[in-house]
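Read top to bottom, the protein sequences are chains Y and S.
Take the first sequence: its position 43, counted from the start at 1, is 43 in this note's numbering, and no numbers get skipped.
Take the second sequence: its position 310, counted from the start at 1, is 310 in this note's numbering, and no numbers get skipped.
FYI, nobody ran anything at the bench for these hints, they're computed from the structure.
Note that the structure is a prediction, hence the values are computed from the model and not measured.
All C-beta atoms in this analysis are idealised placements derived from N, C-alpha and C, irrespective of residue type, glycine included.
Hints may be right or wrong, so weigh each one.
Stated by the list, open to error - Taking lysine to aspartate or glutamate and the EDC-like style, the derived pairs with C-alpha atoms no more than 16 Å apart in a straight line are:
#1 Lys134/S to Asp443/Y
#2 Lys350/S to Asp452/Y
#3 Lys134/S to Glu445/Y
#4 Lys350/S to Glu73/Y
#5 Lys252/Y to Glu74/S
#6 Lys134/S to Glu441/Y
What the hints assert, rightly or not - Chain S is nowhere near these chain Y residues, computed Cβ spacing over 12 Å in every case:
#7 Pro6
#8 Arg20
#9 Thr23
#10 Cys42
#11 Ala44
#12 Thr94
#13 Gly191
#14 Gly214
#15 Ile266
#16 Glu272
#17 Ala277
#18 Trp329
#19 Leu330
#20 Phe336
#21 Glu472
In case you want the letters, here they are:
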Amino acid sequence: MEMPKPDPFILDRKDQLVSRLLTVLPTDAVIHAPDETRAYECDALAAYTCPPLAAVLPRSTEEVSAVLKICHEMEIPVVPRGSGTSLAGGALPTADSVILGVGRLTDVLEVDYDDRLIRVQTGRTNLSVTGAVEEDGFFYAPDPSSQLACAIAGNIAMNSGGAHCLKYGVTTNNLMGVTLVQMDGTVLALGGAHLDGDGLDLLGVICGSEGQLGIVTEATLRILPKPEGARPVLIGFDSLEVAGACVADIIKAGVLPVAIEFMDRIIIRITEDYAGAGYPDCEALLIVEVEGSEDEIDEQLALIETIARRHDPVEFRQSQSEDESAKIWLGRKSAFGATGRVADYMCLDGTIPVSELPRVLAGITDLSKKFGLRVGNVFHAGDGNMHPLIMYDANKPGDLELCEEMGAEILKLCVEVGGCLTGEHGVGIEKRDLMGHQFTEVDMEQQMRVKDVFDPKWLLNPAKVFPLDITESRRST
Amino acid sequence: MLTPESEAHLADLVRGANGPLSVRGGGTRHMPGAGDALTTAGLTGITLYEPGALTLVARAGTPMSEIEAALAAENQRLPFEPMDHRPLLGTDGAPTIGGVVAMNASGPRRIQAGACRDSLIGVRFVNGEGAVIKNGGRVMKNVTGYDLVKLLAGSRGRLGVLTEVSFKVLPAAATQVTLTLTGLSVEEGVRAMSAALASPFEVTAAAHDPQAGQTTLRLEGLAGSVTYRAKELARVLAPFGTAAQAEGDASAATWATIRDARPIAGEGDIWRVSVRPSLGPDVVARAGAQAALLDWGGGLVWVRVEAGTDLRARLDGLSGTATRVRGTGPGALHPPSHAVARLEQGIAAKFDPKGLFAGAA
Numbered sequence: 001m002e003m004p005k006p007d008p009f010i011l012d013r014k015d016q017l018v019s020r021l022l023t024v025l026p027t028d029a030v031i032h033a034p035d036e037t038r039a040y041e042c043d044a045l046a047a048y049t050c051p052p053l054a055a056v057l058p059r060s061t062e063e064v065s066a067v068l069k070i071c072h073e074m075e076i077p078v079v080p081r082g083s084g085t086s087l088a089g090g091a092l093p094t095a096d097s098v099i100l101g102v103g104r105l106t107d108v109l110e111v112d113y114d115d116r117l118i119r120v121q122t123g124r125t126n127l128s129v130t131g132a133v134e135e136d137g138f139f140y141a142p143d144p145s146s147q148l149a150c151a152i153a154g155n156i157a158m159n160s161g162g163a164h165c166l167k168y169g170v171t172t173n174n175l176m177g178v179t180l181v182q183m184d185g186t187v188l189a190l191g192g193a194h195l196d197g198d199g200l201d202l203l204g205v206i207c208g209s210e211g212q213l214g215i216v217t218e219a220t221l222r223i224l225p226k227p228e229g230a231r232p233v234l235i236g237f238d239s240l241e242v243a244g245a246c247v248a249d250i251i252k253a254g255v256l257p258v259a260i261e262f263m264d265r266i267i268i269r270i271t272e273d274y275a276g277a278g279y280p281d282c283e284a285l286l287i288v289e290v291e292g293s294e295d296e297i298d299e300q301l302a303l304i305e306t307i308a309r310r311h312d313p314v315e316f317r318q319s320q321s322e323d324e325s326a327k328i329w330l331g332r333k334s335a336f337g338a339t340g341r342v343a344d345y346m347c348l349d350g351t352i353p354v355s356e357l358p359r360v361l362a363g364i365t366d367l368s369k370k371f372g373l374r375v376g377n378v379f380h381a382g383d384g385n386m387h388p389l390i391m392y393d394a395n396k397p398g399d400l401e402l403c404e405e406m407g408a409e410i411l412k413l414c415v416e417v418g419g420c421l422t423g424e425h426g427v428g429i430e431k432r433d434l435m436g437h438q439f440t441e442v443d444m445e446q447q448m449r450v451k452d453v454f455d456p457k458w459l460l461n462p463a464k465v466f467p468l469d470i471t472e473s474r475r476s477t
Numbered sequence: 001m002l003t004p005e006s007e008a009h010l011a012d013l014v015r016g017a018n019g020p021l022s023v024r025g026g027g028t029r030h031m032p033g034a035g036d037a038l039t040t041a042g043l044t045g046i047t048l049y050e051p052g053a054l055t056l057v058a059r060a061g062t063p064m065s066e067i068e069a070a071l072a073a074e075n076q077r078l079p080f081e082p083m084d085h086r087p088l089l090g091t092d093g094a095p096t097i098g099g100v101v102a103m104n105a106s107g108p109r110r111i112q113a114g115a116c117r118d119s120l121i122g123v124r125f126v127n128g129e130g131a132v133i134k135n136g137g138r139v140m141k142n143v144t145g146y147d148l149v150k151l152l153a154g155s156r157g158r159l160g161v162l163t164e165v166s167f168k169v170l171p172a173a174a175t176q177v178t179l180t181l182t183g184l185s186v187e188e189g190v191r192a193m194s195a196a197l198a199s200p201f202e203v204t205a206a207a208h209d210p211q212a213g214q215t216t217l218r219l220e221g222l223a224g225s226v227t228y229r230a231k232e233l234a235r236v237l238a239p240f241g242t243a244a245q246a247e248g249d250a251s252a253a254t255w256a257t258i259r260d261a262r263p264i265a266g267e268g269d270i271w272r273v274s275v276r277p278s279l280g281p282d283v284v285a286r287a288g289a290q291a292a293l294l295d296w297g298g299g300l301v302w303v304r305v306e307a308g309t310d311l312r313a314r315l316d317g318l319s320g321t322a323t324r325v326r327g328t329g330p331g332a333l334h335p336p337s338h339a340v341a342r343l344e345q346g347i348a349a350k351f352d353p354k355g356l357f358a359g360a361a
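Isolated chain S (complex conformation):
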């Protein structure tokens, strides 16, 4: 296992590599790789944290637990609520911030606060030629040059090895409340979520669990405001039933469960389907799923199907992407159009001409 102790050391290793490298952070997210194992475990530590500027910069191998503890001490958080893949994938190890970025891992708050890529404001990385590249920086508004920050977020290690990542962070909410409707069909659940998200009451998460028959909506903010909005939102939801309310830890526990897609745990393949929210019910109906979970107001559909199922064939014609998160077989990632595939391959070849990271996708 190659364990570079610094960015310069990593760059040396990449320049000297004779064959493919399999880069890993905490190894909790099932990212593929081929070749000599290289870990970011030696590249750790928060390098800058300015709560008053809502800015945090950390080396890519920094464990998420360290990032979360530092933020919690200042009553702040990562806005995009990254998923912990361990419960779903049965992995252990310590998730890293670099792994979160490489996957663009974004949880329920994605619909209100954006994805990981939206909070990410800077990266440093080593490309396939062993050159150290920086892009973006530590300020929230920056249009200087091309936005390679977005390109690196979610690139799953195909373009290089992340060494440092910068985020815009946000204050943690003083209060949260979860409203739950029970007994709705998937169609009704998505309609209820759409109604809630079209209201001005700033819903920060909206999910539907078909197994439990529960539709859940989250409100966050100052106490008085949350109380007011909970009352108003209940009125918006009245045509769909009477919403039960949970606060504090109970509310937080609900969303940790949804964030990590625990309701679909079990044997079989796991897929993650991204569609426009109104297509969510279609996805569930056509998937023939053993279990499903709709997040992002219906736009993110987690499904568990029998091992070996070609889910994309079942969803043929629906616009969106279907990604196999757990299970084996060809094509975990959604096949792009011919023109897009050509661009993706072109970019990968420009960032990594020797194909050292080609095993990453």
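Chain Y extracted, bound-state conformation:
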């Protein structure tokens, strides 16, 4: 993966930068010693590393603004960082950039149950947002699998999803307002405690802009009352196609499960070896979860069972207890960890129309044979958000490159059938050079013009999202 060459003129001014940063931040908030900046050299796309020039950890919106003003004046790129859990390299620095971490901005600023919202600083982790309201029976719906660690700032930057977004939507559907600091230090509020204003939906374009338009320091989030209960069923099938058809029928029937998760045989076996959840050995397995009171759950599951039986499942297992529910989820939740135990892997997240599931799964199998790399599929089937895990050996020369090449082929297939490159992880550097397969240059030009407005000097996270060759003229001015 190519990154722009560091600008020697910036590297030469490191001392000047650090002394200026120290005029607006306390000593412990400016990290510049080479052995310490290494802590910020990568995110969860750990194959790529580069220590930044410096890292700053401000404690307030004012401090964020002061730092950005300095970097703006000195024309030094800034890479925003939440908790560093991006799988797409969203927080990967360049040697001539400053990492701006929001990890110390963790306060809850307001909780209002009458208006059903929480306002937080964005360094707060996703799970601890729910943690602040759950004793009172509320929760924050988006639940990316890294929710224990990932920060709201990163969720907003990548418009994160999760297993339950089939019912509750992704981050953008649960975000009501932000405090945004622009690259020149301007602080502004978008949205707020009210819904849908009448101006341009700038909040909507901030969410998912991968930290390229501004730094979000505060967020107003919608919270929801917790459902009375939830229960999963496990349905096993002999064929991927039939499992796919069953998903479509469930969706059409008028029940809205909170989650429909899909695993193929490779993943079933890997997770069974590791977690022993007692899954049947079959071609495809669905976990369908519904919510409500006991009676409501029974009503929905009865309908789901009727639909599933029409597809002749090899197994239909209803949970009868909390323990059984946990066991049904156990394998799914440990799928990534279990796969990591048997191989190095790369996790893709292209989304496809649900109707194309069989075709894409068949295509992935063909590519797996062609490249000689194993692929397991575990994903959110209800919304077509695939997660093929391509397994490779990091110690084998050339294997990572082969894996990336195969990943690119899978993502191109996703686009070809009417889908997209990324459903919830973001483009970052990982899918940056594939953008031309989904968008024309004119499409991308229109997006880049939005960045021109928010960040005319192209200093915020500049080497991400768009292919380097088409951003070069903007980055170098």
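Following the hints, complete the assembly by docking chain S onto the known chain Y.
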């Protein structure tokens, strides 16, 4: 009247335009415009509908009646319950799906299922330079590149001409029930709605009509579930009185009336105020309204005031937005902060450098 027959034709017309264009769909929503009239009436038809994938794609000029009929045939619907502006504005003509998107028109179910912008998953549009742009697509989860879909939703034609829009749709509910409390003040009504919306019983709409003294709450879903939740919700509402129940067509009629803001019909200016729900009663008290209607649990307040009233002056200091939907005078849209205005103008200039669509706001 310019009537492009295809997206390419539209792009040609925009590239060749020498002066401002006034773009219209069905012309039912009082969106301003200046210049040569251009209609999307030639850009019609549903281009893709996959009920099993909950996806519908249509050209922007497609009449809402055609969209609704296609969805109803598969027992599905647009989740966000778009308003029909004709009764309130006294317009006629056929509302289009493009007009719904341009206004981000969202009805009572907004509080549970999101706004139009939340169901919209893809757009194609022609910008002010006559370039055809696509963004988003036909899948529900998509974070590839910037979300211009949201930016176009509710942009009222300022950024370009929509040519095609894609939606996530949902199954229609098998059953609905409306619970109605009578005789509550606005404050009590909003408190009752807050209590209902803080319960786990998935209320899909909550409105208060001060004229009728009625507070109404809707439940939707499978029959057994709705029956159960109606019983439980009545218990939550017990401190506010005994709720009457209506089902089926009667329930649906209640919400069509609220969706289209019919209870505030009459002479005068109409405003639409968006605030946090607990401020709803304040808005009503300070507006000096001839009639008011609170939707979205109190967060959307429709008010009718004497023609020429500067409602924003009366609401000064309340956080939110006040939009004049009917009436004349300067500033129909809420004035944004200086920093936000600068960004909005910057974006409009980047999408439409010649200002062809500047009359749209």
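Each hint, compared with the structure:
1. For the given pair, Lys134/S sits about 6 Å from Asp443/Y by alpha-carbon distance, which is consistent with the 16 Å threshold.
2. Taking the CA atoms of Lys350/S and Asp452/Y, the gap is about 9 Å. The hint holds against a cut of 16 Å.
3. Only pairs whose Cα atoms come within 16 Å are accepted, and Lys134/S paired with Glu445/Y is accepted, the gap being roughly 11 Å.
4. Between the alpha carbons of Lys350/S and Glu73/Y the distance comes to roughly 24 Å, so the proposed pair goes past 16 Å and is violated.
5. Taken as a hint, the Lys252/Y and Glu74/S pair is honoured in the structure, with Cα atoms around 9 Å apart against an allowance of 16 Å.
6. A threshold of 16 Å between alpha carbons decides the hint, and for Lys134/S with Glu441/Y the separation of about 11 Å falls inside it, so the pair holds.
7. Listed as a non-interface residue, Pro6/Y keeps its Cβ farther than 12 Å from every Cβ of chain S; the least gap is roughly 26 Å.
8. Consistency note on Arg20/Y: stated as away from chain S, and its beta-carbon is indeed over 12 Å from all of that chain's, at 24 Å minimum.
9. No Cβ of chain S comes within 12 Å of the Cβ of Thr23/Y; the nearest lies about 25 Å off, and the non-interface call holds.
10. In this structure Cys42/Y is separated from chain S by more than 12 Å, as the shortest Cβ-Cβ distance comes to about 21 Å.
11. Chain S leaves Ala44/Y outside its interface by the beta-carbon criterion, the shortest separation being 16 Å against a cut-off of 12 Å.
12. Under the 12 Å C-beta cut-off, the non-interface status given to Thr94/Y relative to chain S holds; the minimum distance is some 21 Å.
13. The Cβ of Gly191/Y sits about 10 Å from the closest Cβ of chain S, inside the 12 Å cut-off, so the non-interface label is violated.
14. Remark: the non-interface label on Gly214/Y conflicts with the geometry, its nearest Cβ contact in chain S lying 10 Å away (cut-off 12 Å).
15. Every beta carbon of chain S lies more than 12 Å from that of Ile266/Y, the smallest distance being close to 23 Å; the non-interface claim holds.
16. Every beta carbon of chain S lies more than 12 Å from that of Glu272/Y, the smallest distance being close to 28 Å; the non-interface claim holds.
17. The claim that Ala277/Y lies off the interface holds: its Cβ sits roughly 26 Å from the closest Cβ of chain S, which is beyond the 12 Å cut-off.
18. At the 12 Å boundary, the C-beta of Trp329/Y stays outside the reach of chain S, the nearest C-beta of that chain being 21 Å off.
19. Against chain S, the non-interface label of Leu330/Y holds: every CB pair exceeds 12 Å, the least being about 24 Å.
20. No beta-carbon of chain S is positioned within 12 Å of the beta-carbon of Phe336/Y; the least distance is around 18 Å.
21. The claim that Glu472/Y is not at the interface with chain S holds, since no C-beta of that chain comes within 12 Å of its own (minimum 18 Å).
Hint compliance for this structure: hints 4, 13, 14 are not met, and every other hint is.
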